[in-house]
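> Sequence:
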Amino acid sequence: MSSYITLHSCQFFHKGQQQQSSYGETAKKLKSQIWNSVVTIVLIEGKQLLPMDDNGLSDPYVKFRLGNEKCRSKVKSKTLEPRWLEEFQLHMFDDYSKQLEITVWDKDVTGDDFMGRAVIDLNTLESERTHKVVQPLEDGAGVITLLITVTGSAGRETISDLSNYTPIPYERDAIVQKYGLIKSFRNMPDIGWLQVKVIKAEGLASADFGGKSDPYCVLELVNDYLQTQTEYKTLNPEWNKVFTFNVKDIHSVLEVTVYDEDRDMKKEFLGKVAIPLLKICKGERKIFALKDRKLQKRTKGTIHLELDIVYNHFKAAIRTVNPREEKYMQPEPKMKISLLKRNVARMASIVTAVRDTAQFVQSCFTWESKMRSALAFLSFLVIVWNFELYMLPLTLLLILLWNYFMHQVAISLSKDTEYTQTTTAVVEEEDEDEEKDK
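Sequential numbering of the sequence shown, starting at -1, is according to my numbering.
Calculated directly from the structure, the hints in this document are not laboratory data.
Note that CB positions come from ideal geometry on N, CA and C, so glycine has one too.
There could be a bad hint or two in this list.
Here are the simulated DSBU-like cross-link-like pairs (lysine-lysine), alpha carbons at most 35 Å apart as the crow flies [stated by the list, open to error]:
1) 277 x 289
2) 68 x 246
3) 292 x 339
4) 264 x 246
5) 277 x 72
Derived Cβ-Cβ restraints for the label pairs, each shown as a range [as the list claims (entries may be wrong)]:
6) 186 x 61: 36 to 44 Å
7) 185 x 354: 51 to 59 Å
8) 395 x 373: 25 to 33 Å
9) 129 x 355: 48 to 56 Å
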């Protein structure tokens, strides 16, 4: 079953006087990120919830509270095992509680009924990591499953800041040894290690009235979700952050998206790039041209990334034959007439091909064309007389080799095209800057 997710904005209650008293004169002079971290919550599902209605079911929804911020999920009707698949973002402040309060309620006409409660201490969760939390409610009122990520820290003292990142000698050698072939049968789900350094972006599109943007960068690897701090009033942000991911499937795709932060805590899309893990080289630093949401057309701007990956080839091969991990954070598809027309045309072409094939075979049997039927009969005799069992796998092998050859050609052509597009974009942006200077 396909799953989709909805992003909800949360109520924001912090007053200007509180912000100024908390952050002093520096915050008055320079606009900066007022929160300490962003807490991203993916509410997946609930299990074994309490029945609150006469029919033995409930209409549950969930409330989240962190400090003075609150969020609420949608109501799932008549179920004790709801599946929400909704995403929320709350913010952590230095002067507020780090306790995430979760309450479950039953929607009722006469008044909502309390179903259960749980509290998660966010200080116990490692930052810059996505944690799957199966949280029991108090007094055995059920279980709530969530994905929680504490990310987006702005301080220079954070472990994700490149200024504080000092590679330990032989650290990478230890990682290579950890994922070596000798240890292929240890911790099978852990395929490998991915490191992403988000350095900067250049020439982004302006999303604000002043011709500037407030950009931040989001990295997604299946269900792992990390983000940088927000850099305000700039089209050339420098984030200088380093993130690491545990690789569970080498066929996954790293999605890097740049957003503009708005005052109402909403976000505006600026550009995106998708990088298959199999295309990442050791310590590769590249300039990627940003594209639109569908990754079909270029948008303004480029992003500088440094990528490194280490993985166990045997584990990766074993993982390939298993189903892919379900991605919870998928955008809800929109119904479009053009997409419907394309699908109808595709089905019509398949039906037409099957019909034409059936008519061709029928014409051979009915001898509508003596020459064609004779050739078909001779071909059938040759195949029957000379067929050997080894020919079937040999044919499949030849098809596999041909597809591999065509795939390599397509990869080389796409790399050349991407390099040309990126180089052209950089040159155009440099020319624009020179014209502005003149």
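> The structure should be examined with respect to each hint, and the outcome stated for every one.
Here's how the hints hold up against the structure:
| no. | hint | result |
| --- | --- | --- |
| 1 | 277 x 289 | holds (18 Å) |
| 2 | 68 x 246 | holds (33 Å) |
| 3 | 292 x 339 | holds (18 Å) |
| 4 | 264 x 246 | holds (31 Å) |
| 5 | 277 x 72 | violated (39 Å) |
| 6 | 186 x 61: 36 to 44 Å | holds (38 Å) |
| 7 | 185 x 354: 51 to 59 Å | holds (53 Å) |
| 8 | 395 x 373: 25 to 33 Å | holds (28 Å) |
| 9 | 129 x 355: 48 to 56 Å | holds (53 Å) |
The earlier numbered hint that this structure contradicts is number 5, and it is the only one.
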